[in-house]
Amino acid sequence: MSEQTKSQALRTPGLFARLSRARATRPGEIYGVPGQGNTLWLSALSIASFFFVWWLVTAMGWVRPLFVPSPASIVIKFAEIWNSGFTGIPFINHVMISTARVFGAFLLACVIGLPLGLAMGMSPVMRGIFDPPIEFYRPIPPLAYLPLMIIWFGIGETSKVLLIFLSVFAPVVLGARSGVRSAAIEQIHAAYSFGATRWQVMRYVIMPSALPEILTAMRIGIGFGWTTLVAAEMVAATQGLGYMVLSASQFLQTPVVILGIFIIAIIAFAFDLLMRFLERRLVPWKGRM
Amino acid sequence: MHLNIDDVSVVYPSSDGRPPVSALSKIELEVGNNEFIVALGASGCGKSTLLNLIAGFLAPTSGRLVLDGVPVCGPGADRAVVFQKHALLPWLNVLDNVAFGLQIQGISTAARQETANKFIGLLGLDGFQKSPVYKLSGGMQQRVGIARALTCDPKILLMDEPLGALDALTREKAQELILNIWNDTQKSVFFITHSVEEALFMGTKLIVMSPRPGRITHTFDLPFSRQFLAGTPARAVKASPDFIGLREDVLKIIFADEEGAAQ
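Protein chains in written order, with the working numbering: chain A, 1 to 289; chain B, 1 to 263.
Just so you know, these hints were derived from the structure itself, not from any lab. This structure is a prediction, so every number in the text was calculated from the model and none was measured. Incorrect hints may appear among the rest.
[To be verified] Just a sample of chain B residues kept apart from chain A, beta carbon distances all over 12 Å, derived: (1) Arg-148; (2) Ser-195; (3) Glu-258.
[Stated by the list, open to error] Listed next, the in silico DSBU-like pairs over lysine-lysine satisfying Cα-Cα at most 35 Å (straight line): (4) A/Lys-286 x B/Lys-26; (5) B/Lys-118 x B/Lys-85; (6) B/Lys-135 x A/Lys-286; (7) B/Lys-155 x B/Lys-130; (8) B/Lys-173 x B/Lys-155; (9) A/Lys-286 x B/Lys-205; (10) B/Lys-238 x B/Lys-205; (11) B/Lys-155 x B/Lys-135; (12) A/Lys-286 x B/Lys-130; (13) B/Lys-173 x A/Lys-286; (14) B/Lys-135 x B/Lys-85; (15) B/Lys-205 x B/Lys-130; (16) B/Lys-252 x B/Lys-238.
Glycine is no exception: its CB is placed at the ideal position from the N, C-alpha and C atoms.
This is chain A alone, in the form it adopts within the complex (with noise of 0.2 Å):
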């Protein structure tokens, strides 16, 4: 080794390679886990300095509140509406009837679409007819076919669920055809060494191994359901909370957007909950055997 090449080995790192080095972990904790680490006081502090800032720019007169209302004057927004209402009708049934037309359609989706994927997870006819539909219609913006729905279906309720349960299906169809395959060879032979039919297989070993990927894929399903309600609130809809925030805009009435889009996102954040707490309870054993 030279002189040279010796004299740049003992000189310390420099900053960037001293943050890039990983370090040795703690007790109770596994070296070199991706994304290890608790992330609620983060989680905290970022919802935190949102309201912060967003209190900031509108106290401080930096934009006007046409753009963004200050957060009071949305608090005040709801409880005007708690009140009496948004174009004459009781805030609750703007929520009842979106929450009753995403978990209609997503019910719906759950029902037809997780047999059909468990369907053709484990049988190649099945997948053979339903595979062309399911990719063709998938990557297709909901606006996109929204007209075909109210020209075959009007303007009813129909037309509006069809088109949320058409964005919920792909995804839970998908993810249970998938799950089928999370079944290990060795259960599935061990079954079979019991003397089992294809139905007791499918029933005892492939449907509840497929359970985690189908809790995943009905979390993912809700998701777009909720993506759609406002598209599928767009045809002459009269309540709910997509009416709401569209004609809102339509008035230029930002605070009940910005409120609508709240409650939208809460309710979806609760339902995500609630499905965490249950794959908690019903899978918990997910990937550890």
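Assemble the complex: chain A is given as a structure, and chain B must be docked to it using the hints.
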């Protein structure tokens, strides 16, 4: 119980332009009552293929397998399989995993739990009935797998490297446990392993297999498991001159196969 494997060959058809592969060629094997057959051999010698044939997961290309006068065609509860790993159902507790075979056969809950409890006791798992299987150690998981295989009173136990994933100490304990269970239940066993010492210690009959094409090249009758069951400590059996001499002979055969394959 009598299993007759008569002139069985398995040929995997050609694919992607490669020639057909002869996985097993002209296998002749008799398995009698309470025999403990151990299959040993280099990778690719067809041990697992042979086990899959007996289990009924695979049909022979030619020849036939007859179990107590009935040709084997498909898996059945008279031949229980113990896998190396991944075969337990993590959503069921120990009791329900052990009772799983009986559940498949439509036995009532009370009856199958009674039988399951008997084998849970036999395998030393008492007190763990309600434990989730994914929280057990590897050795305990394997005992659950063996208990499950025994519940349906199979004629023959097929064990595909059941101890391969265990650490050395647990493995020796498990060997003794399996021999004791085998002695208590008087089952026949077909056992695959990569460990020469394990093969010699456990079997009443050793078949050494060789690849390309997979075939049985040597057969040995073994006295060592009977010595252990008669009271000689396991380590004393494994350290006896007869055992060590045979171990070296078998190793020579297997190394010769490996070198033949390398050339």
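Status of the hints after comparison with the structure:
1. Arg-148: violated (8 Å)
2. Ser-195: holds (20 Å)
3. Glu-258: holds (27 Å)
4. A/Lys-286 x B/Lys-26: violated (44 Å)
5. B/Lys-118 x B/Lys-85: Between B/Lys-118 and B/Lys-85 the Cα gap is close to 23 Å, so the pair holds against 35 Å.
6. B/Lys-135 x A/Lys-286: Holds: B/Lys-135 and A/Lys-286 sit about 12 Å apart, inside 35 Å.
7. B/Lys-155 x B/Lys-130: holds (29 Å)
8. B/Lys-173 x B/Lys-155: holds (24 Å)
9. A/Lys-286 x B/Lys-205: Violated, at about 41 Å.
10. B/Lys-238 x B/Lys-205: OK: B/Lys-238 and B/Lys-205 at ~16 Å, within 35 Å.
11. B/Lys-155 x B/Lys-135: holds (31 Å)
12. A/Lys-286 x B/Lys-130: holds (18 Å)
13. B/Lys-173 x A/Lys-286: holds (30 Å)
14. B/Lys-135 x B/Lys-85: holds (14 Å)
15. B/Lys-205 x B/Lys-130: With a Cα-Cα distance of about 38 Å, the restraint between B/Lys-205 and B/Lys-130 is violated, given a limit of 35 Å.
16. B/Lys-252 x B/Lys-238: This hinted pair holds, its Cα atoms lying about 18 Å apart.
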